[in-house]
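*Asks:* Sequence:
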Amino acid sequence: MNRIMNLGRYIPDHAVTTVPVLAVLFAVHFFFLRADPVDDRIEATSVHPSFYQHWLGQAPERDFDIDAELERLSLDDAARDRRIRELLEAGQYQHARTLLLEIAAAAVLQENQQRLGDTLMLLGEVAIYQQELAASEIYLQEALYLTMSRDDAAGTARCYQLLGELNIRARELARYAANTYDQLWQARNMIARGLYQGVGESLQHVIERNLEIRRYGAAADAWEALAALHDKLHDSYPAQRARIEAARLFAATGQATHVQRLFDELDPAVIGEAGLAEARGDVDALFEQHQQDQVRTSQARDYQMLYHHYLRLDQPERAWQMRIQASKTLASTSDRALFQRQADIIAVLYNSNFAMQRAREFLGRADSLFDEQGIAESRAQNRALEARIY
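Under our numbering, the first residue of the sequence shown is numbered 1, with each subsequent residue one higher.
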């Protein structure tokens, strides 16, 4: 045990004991600032007339250079290296995070601060791509403390850059969510006014975009609006199918009241008894999955609390075993379990401004350090990231 480093010397206690609090705070800080809809009859006079279209479309994400990131870790296990690459390329980020946590735990036992910091940075980057922004903040703050304690200017700059990118991504998600929210209400307004042209396509776009950013409740609301549109057009069967899709999404997030309301509106004469039975079977299975996800999520929280407990007892080996177990448990849950509770739009409209401010601050610190180190390529990356702040 004398080879096991005291993690408290390298990572401050507050950096690893505030996950539940930070998760709530970042959920509030990381969403929504809406833009007023553009009137096509008015000519754009802004020096950036393409901004509105930029926020309607998907953001140009920076390429995730998996080879470069893993090469920095200098892994001595070829099988694990290959497995992590495969998982990252397949977008199975939670499973990749578990393997990376195992590498971090080994670095703790070997007192290898360099590898630990690099692994935590990569964990933070992976979490950004997974849209788990609160978890990413924790990893990157831990990595930042390690790089600063070792006077690693290049590593510190990289941490600041990733923290800037994290906040940019948060701002982007807020803008996309806000625009889909606007489009949904505009579609409802058109339906209420009896103007149906193009509304179906708009609602399909809203559904797709909300699923991409994992706002499942908003996607279910859009399915209900689509059902209302089909009712107005007397398209009975598509209306029933839209309600079933909404019910599935609500069931997957455990909202039984909404599911029952939607099933009360279904007409067996339209979808048939077999179709109704199939829909009920799907909903029951999704409810069961939700309950299992709730159990696993609760277990993961317990493991995380044990991680903090053993860390305070100066038992880092046992602590990191708990942290890895928490990650393994979460890897077996669905995305819907991780994103089923999100802040209300009113709360996040104002707070999303902080992500913009924080992004500028972090990128400014990174730029100063890159300039001191003469790393031109990284400064160019900073310029590209700064251009995305809006």
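No wet-lab data here; the hints were simulated from the structure.
Incorrect hints may have been included.
Just the calculated beta-carbon pair ranges, DEER-fashion [said to hold, decoys possible]:
#: 1; residue 1: Glu-317; residue 2: Tyr-237; range: 27 to 37 Å
#: 2; residue 1: Met-305; residue 2: Leu-195; range: 48 to 58 Å
#: 3; residue 1: Glu-201; residue 2: Met-148; range: 45 to 55 Å
The beta carbon of each residue, even a glycine, is placed where N, CA and C say it ideally should be.
*Asks:* When the hints from earlier in the document are held up against this structure, which numbers fail?
*Replies:* Checked against the structure, the only hint that fails is number 1, while the rest are satisfied.
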